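Asker: Sequence:
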Amino acid sequence: ANDTPYGLAAAVWSRDIFRCLRVVKAVRAGIVWVNSMQPCYVESPWGGYKQSGHGREMSLHGQEEFLETKQVHINLGEAPLAWY
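Letter by letter, the sequence shown follows residues 1 to 84 of our numbering.
If you're looking for bench data, these hints aren't it; they were derived computationally from the structure.
Remember, predicted model here, so these are calculated numbers, not experimental data.
One thing to keep in mind: the hints can contain errors.
[Claimed, not checked] Derived DEER-like restraints, expressed as beta-carbon distance ranges:
no.	residue 1	residue 2	range
1	Leu76	Met37	50 to 56 Å
2	Gln51	Arg19	26 to 32 Å
3	Arg19	Tyr41	23 to 29 Å
4	Arg19	Leu76	56 to 62 Å
5	Arg22	Pro80	52 to 58 Å
All residues carry an ideal CB built from backbone N, CA and C; glycine is no exception.
Starting from the given sequences, assemble the full structure and let the hints guide the process.
Answerer: Written out as structure tokens, the structure reads:
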């Protein structure tokens with residue numbers, strides 16, 4: 001399953017859930033379905049591994065790629081804050 005340049009999605013079928021979880025951990029794919037296929041959730045990151053896409057679309061994970069994070073500390077008191 002990993003012998004491909006792509007890794008968008010994979011499906012694992014078995015009655016042994018522990019076996020499924022071992023395969024899920026080993027498969028290099030952005031989406032892995034267990035005993036089902038193709039349900040997609042808007043709130044989950046969408047994207048693949050390897051040559052199957054760049055980054056994560058939809059969801060908060062995808063939006064964060066377009067943002068720059070900045071820390072802002074505002075001291076509203078009159079005395080300066082102590083260092084450590």
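Asker: Would you mind marking each hint as holding or not holding in the structure?
Answerer: We went through each hint and held it up to the structure:
1. Leu76 - Met37: 50 to 56 Å: holds (54 Å)
2. Gln51 - Arg19: 26 to 32 Å: holds (28 Å)
3. Arg19 - Tyr41: 23 to 29 Å: Because 24 Å falls inside the window, the suggested range holds.
4. Arg19 - Leu76: 56 to 62 Å: holds (57 Å)
5. Arg22 - Pro80: 52 to 58 Å: holds (55 Å)
In this structure, every one of the numbered hints holds.
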